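Since chain A is already given, all that's left is putting chain B on it; use the hints.
Protein chains in written order, with the numbering used here: chain A, 52 to 411; chain B, 52 to 411.
Derived by calculation from the structure, the hints in this document are not laboratory data. Where hints are given, some of them may not hold.
Since copy identity is lost for identical chains, a pair holds within one copy or between any two.
[Stated by the list, open to error] No farther apart than 20 Å at their CA atoms in a straight line, the calculated lysine to aspartate or glutamate pairs in the EDC-like style are these:
no.	residue 1	residue 2
1	395	385
2	332	173
3	251	386
4	130	115
Here the structure is a predicted model, which is why all the values come from computation and not from measurement.
So the chains spell out like this:
Protein chains: 2
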Amino acid sequence: MDDTFPPTAVPAPRTGGGAGYLRIATEEAFATPELIRIWLGMVGDYDDPGFRSLWGFYGTSTAERPRFVLESLQDLGEKRLAAMDAAGVDRQVISLTSPGVQVLDADLAVAQAALANDRLAEACARHPGRFSGLTAVAPHDPKRAAAEIERGKNRLGLHGVIINSHTRGEYLDDPKFWDIFEAAQALDAPIYLHPNTPPKSMIGPLLEAGLDGAIWGFAVETGTHLLRLITGGVLDRFPRLKIVVGHLGEALPFWMYRLDYMHAATVRAGRYERMKPVELKPSEYLRRNVWVTTSGMPWAPAIMFCREVLGPDRVLYAMDYPYEYLADEVRWQDDLPLTVAEKKRFFQANAEELFGLPGT
Amino acid sequence: MDDTFPPTAVPAPRTGGGAGYLRIATEEAFATPELIRIWLGMVGDYDDPGFRSLWGFYGTSTAERPRFVLESLQDLGEKRLAAMDAAGVDRQVISLTSPGVQVLDADLAVAQAALANDRLAEACARHPGRFSGLTAVAPHDPKRAAAEIERGKNRLGLHGVIINSHTRGEYLDDPKFWDIFEAAQALDAPIYLHPNTPPKSMIGPLLEAGLDGAIWGFAVETGTHLLRLITGGVLDRFPRLKIVVGHLGEALPFWMYRLDYMHAATVRAGRYERMKPVELKPSEYLRRNVWVTTSGMPWAPAIMFCREVLGPDRVLYAMDYPYEYLADEVRWQDDLPLTVAEKKRFFQANAEELFGLPGT
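So that you can see chain A by itself, here it is in the shape it has in the complex (with noise of 0.2 Å):
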């Protein structure tokens, strides 16, 4: 791995097609300067350490890579352009950065969130061969988030929802967040359920060893969230909910056999008030209502394997700028050992399917 910053290969040309595919990245973050700077001063003292370690890094780290992400998400304009023309990517699809509005005040938070989606769909106009977005919303108010998620698709032009993860320490597996997906389903908006940094309930020895961030808590926070909307029942309820998840899954494809194992013997022993018999095994679930994405994982062993047990359909290119930023990486993808037609699919018309997105 080239682990010098920022990266020094040769990029990748843009495609533009020429390739046989467009390359369309799926988790690429932004943020609105004032976001940025509510989070600044909550850094001193909310109580979330998570979020605090996270944006105390972000927000005041003066080492090379933190200042590259902090500058660059705030830009939707000619030097993102400039970042995707070097690394060979045709179109954003784009996102407000963890954790969105979701540790403000809830009517603050509404407000945050439409100001960067009104900013995002602005950027999305100006660009639209090249960028895309999704729809933030404030989960706490869960009737406000289901006419946000009405208003990005139908008057923004957004494609989906972005969903940082918990909010304040609580899971979309509570009945009081449902408007939510049924707003989602309603509109066949794709929800895509982001990391954040484990709440405060869970961030012990993570945060005490340096592991609460995107090198291992993104990941134990949002494969417990994903798990927890599984066995829940939500996807009982909303059969045809989209839930797109980056990371190659948060790993919980690799973990299905047990999922799956585990559950029905929790379930059949009837151990958890909580964990009440469902529709599907958990394996059934991700292979109908869960996307996998590649952001942080351009690694073809996880990939290939992540295709063979989910199947073609279901996993997609995706690179996390700015926080992963390597032209390598795009063209290890490239070489994944697929047909162009494969590569099409992953790269490109997953994408386009799963999110709307216009053709070519």
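Coordinates of chain B only, in the frame set by chain A:
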């Protein structure tokens, strides 16, 4: 998957090497009646919700599987041998089940570990062709733990060490525990890092949804522990340490690329006092110091993935008896797309070499 219990499949015959290899199961559990009695006395009020969840269930549930587990754990004789015969397992490498003595006060823990080791050694002496064992220790008394490792190896004829992950919320990357590693390395005794339920500071959203146990929480907790050993410098200080991890490495093999990338980025940025530079990449420690077993993961895609990314010498068969006891699982692993020589490595030779077991 057959989710009936007890297993209804026709069992595979014990091979006795007739298939070209013996089947050595390497993560097989027992408990002394004395320790179970102590645990059950603690279930009401011990300040560890994961312990209360785990042993409240196995100790008191009237459902069929937990009753089978509770009874089978306490047998080191005919019942276990019959189960091995029925499933086609030639040898078990047996260890004290989770959380072992690690929830007890240190003096009691030391005494109960010694008792468990004596009992296990006696059973192994009675059935030297069928049973081998690992040494239980009280990590919270590191000096006496080191002495017990020496006693287990040199006087009891045991073949390694079992540590059931965290000890009262503490992790072994803390240098105060390193007498244990010193002894294990000096005696060439592999340490089996077995799951525990997440500690109080981590279990919040897991327990709330019934995900604290083998379905997910075990992996989260023990994967965290292994990663702490790697990023905390333990394997620089003890480069010949051998760590064995069940459940195909608690998914760390799946994450190898991301662990390397994010570890390098985090260290480079100086983000955490507790994450100092180490000599190798996380993936390099996994390939040098870590062996993984298939306990609870009898699933060809994940097994073959781990063989691919770790190498065939690092993946060993395990069943996880009596928690997981299903004759079909043995047959599925007999049917892995491997030659007889490769299966001998997987089922037999890797275990014989790693644990120094008596040859055939």
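Which numbered conditions among the earlier hints are violated in the structure presented, ordered from lowest to highest? 2 and 3
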